[in-house]
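Enquirer: These are the residues of each chain, in order.
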Amino acid sequence: MNLRLALASLWARALTVGMTILAVALSVALFLGVEKVRTGAKASFANTISGTDLIVGARSGSVQLLLYSVFRIGNATNNVTWQSYQDIAQRHEVDWIVPISLGDSHRQFRVMGTTKAFFDHYKYRQGRALALRDGLVLDDLFDTVIGADVAATLGYAVGDPIVVAHGLASFSEHKDQPFRISGILEKTGTPVDRTVIVSMEAIEAIHVDWKRGAKIPGQVTPVDRIRQMDLRPQAITAALVGVKSPLQTFKLQRAINEYPQEPLLAILPGVALQELWGIVGIAETALLAVSGMVVVTALIGMMATIFSSLNERRREMAVYRAMGARPATILCMLVLEAALIAALGAVLGLAFLYAGLFVAQPMVDSAYGLWLPIEAPSLQEVWVMLAVIGAGAIVSLVPAIRAYKMSLADGMMVKT
Amino acid sequence: MRDVAFRWPGRAGFSLRVAHLRVAAGESVLLLGESGSGKSTLLSLLCGTLSADQGMLSIAGTPVSNLSGSARDRFRAEKIGVIFQQFNLLPFGTVLDNILLPLRFAPLRRKRAGDAIVAAQDLCTALGLPKGIGSIKASALSVGQQQRVAVARALIGQPPLIIADEPTSALDANSQLAFLNVLFSQAKTHNTALLMVSHDPRLGAHFDRVINMADIAEVEREMV
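Just so you know, the sequences run in chain order A and B. First residue of the first sequence: 1, per the numbering used here; consecutive thereafter. First residue of the second sequence: 1, per the numbering used here; consecutive thereafter.
Chain A extracted, bound-state conformation:
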């Protein structure tokens, strides 16, 4: 019944209370939303690559190697020679090895040369394998497999021709090689979605008539002749390696890092991801801090609202006092009221979050490849909500103590 009267009292001030609840709700929705994006980003980040024990590339920084080999961001400073690749592949620790060749593009998407083994060994989201939505894996020299985003953005279907450009800024397109889309991959939420995959040989084929990044004037090798040529790659950009036993990972890593013929770098994807997240994560933490401040602001707004309501509610409090309510009861009532406002705000905020997720999920997914799962509130989210309610109650102590003093002084007689 106390609660019912408190609710009735709140209802009597529906407009101001509603605004306060709205402010709390929006701040909670923002905070939970940022947290959701943060964990979503972190998860999809960590889920980008799994099942690969080592990534090998030319010696640079581990984050850089991870960025260009997995995220297709930036470029390799140097290549790995085919010879080195062969040497590593023949080591007894190596269970499988998949070469990657980057440097070309199709429209805004990167082209990656690799082998069929890539489809067997590239895993994401705790060991999930790539799957074809349509078509076949690379069969022919000029076959390409495209990621889901590539297909969606450019409206490609299996069988469509595709032109692969040399270099990343596509001012010079390899018009003479008739590539064809043989398969489209399922959406993965990883950079693979935005990648055009061709065979290693195809990468070589593209560059048959090219030398040092420029087209050899007048030279056009017919497609039939290209097919006859020895298209063994000279160099690769990076390689994904799986070891036979996890115990051998570090031994192999050391061996590659100390490879005498060429400066190479082998990284553990998990460690490099952590390192990269350490850099990216600062921005996320800052965002979280800002949205935390928004929650604090909303709660202070609530405090101000309660403060300003005290004067008009002196009579109400006097009635309670006359009926035998203690000043402490008045204090409790105000704290309860604030907790109610905060609770309603938190619940409404959660509702906003889900409504927002429902609307934004497909957009965020297609725009950023970020999958925000719609699921029951996590324990952490429940804690956040409880913390908001608790903080609301604590903040309300300030006006409540003032009301306590006022009701002590006023007693049951309000002079005004």
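Just so you know, these hints were derived from the structure itself, not from any lab. One or more hints might be untrue.
Residues from chain B shown here face chain A by an in silico Cβ test under 10 Å; the list is partial [to be verified]: (1) Phe84; (2) Phe92; (3) Thr94.
Partner residues are not named here, just some residues of chain B that face chain A (Cβ under 8 Å, in silico) [as the list claims (entries may be wrong)]: (4) Arg17; (5) Pro102; (6) Pro160.
As the structure is a computational prediction, the values presented were derived from the model and not from experiment. Just so it is clear, CB atoms sit at the ideal spot from N, CA and C, and this is done for glycine as well.
On the provided structure of chain A, position chain B as indicated by the hints.
Expert: For chain B alone, kept in the frame of chain A given last:
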């Protein structure tokens, strides 16, 4: 209710001394006084929201002046029905909420009231309030109805003393009389003592006894 006597050197340059005041059980007493004569202070002392610095104040056999602040609050809830000038009710609560409000702070009084909701409805009927008024919001009532609800609230659970602070000043002359009549008849029925404060001497004829504030109290004001 016996023997009320206290002296109270007040604060903020205002002091009130009352040598002796006594209201018998079931008696109705009108306390007359101009504004500033210390009526409100006296009522606050009686109700226990103010505490006397010296002297003895006892209500229904309990020495209230010896009680702690929260015990006085509890005592007020149990033993005293309070009616204000106006703004008696919680506007957002229903009539029933308002009538039952004191019982919430007074478990013994709640027990005395028996079935509280039935008791409240009986009081409403006795006070001439329309049937089914219990679920109406207090803010929807007329001033006269509000004052009657306030009486019902003061009477519920039969407290031994009702203190009324100019409850009729917001009413016109006819309603005043009607209001006093229901108040008296209810107080008689429940053998409740009634102490009413007013500045209007015309009401005196209806009471058992009229006391002038000036006769019993000594007010000092020190201008600061």
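Enquirer: Does the interface hint hold: is Phe92 (chain B) within less than 10 Å of chain A, judged Cβ to Cβ?
Expert: holds, 4 Å
Enquirer: Per the CB criterion, is Pro160 (chain B) less than 8 Å away from chain A?
Expert: violated, 14 Å
Enquirer: Just to be careful: measuring from the Cβ of Phe84 (chain B) to every Cβ in chain A, is the smallest value less than 10 Å?
Expert: holds, 7 Å
Enquirer: Regarding the hint that Arg17 (chain B) lies at the interface with chain A, is the smallest CB-CB distance below 8 Å?
Expert: With a closest approach of 19 Å, the Arg17 (chain B) hint is violated.
Enquirer: The hint names Pro102 (chain B) as touching chain A; please verify it with the least Cβ-Cβ distance against 8 Å.
Expert: holds, 4 Å
Enquirer: A closest beta-carbon separation below 10 Å is what the hint needs, so does Thr94 (chain B) meet it against chain A?
Expert: holds, 8 Å
Violated hints for the displayed structure, listed by number in ascending order: 4, 6.
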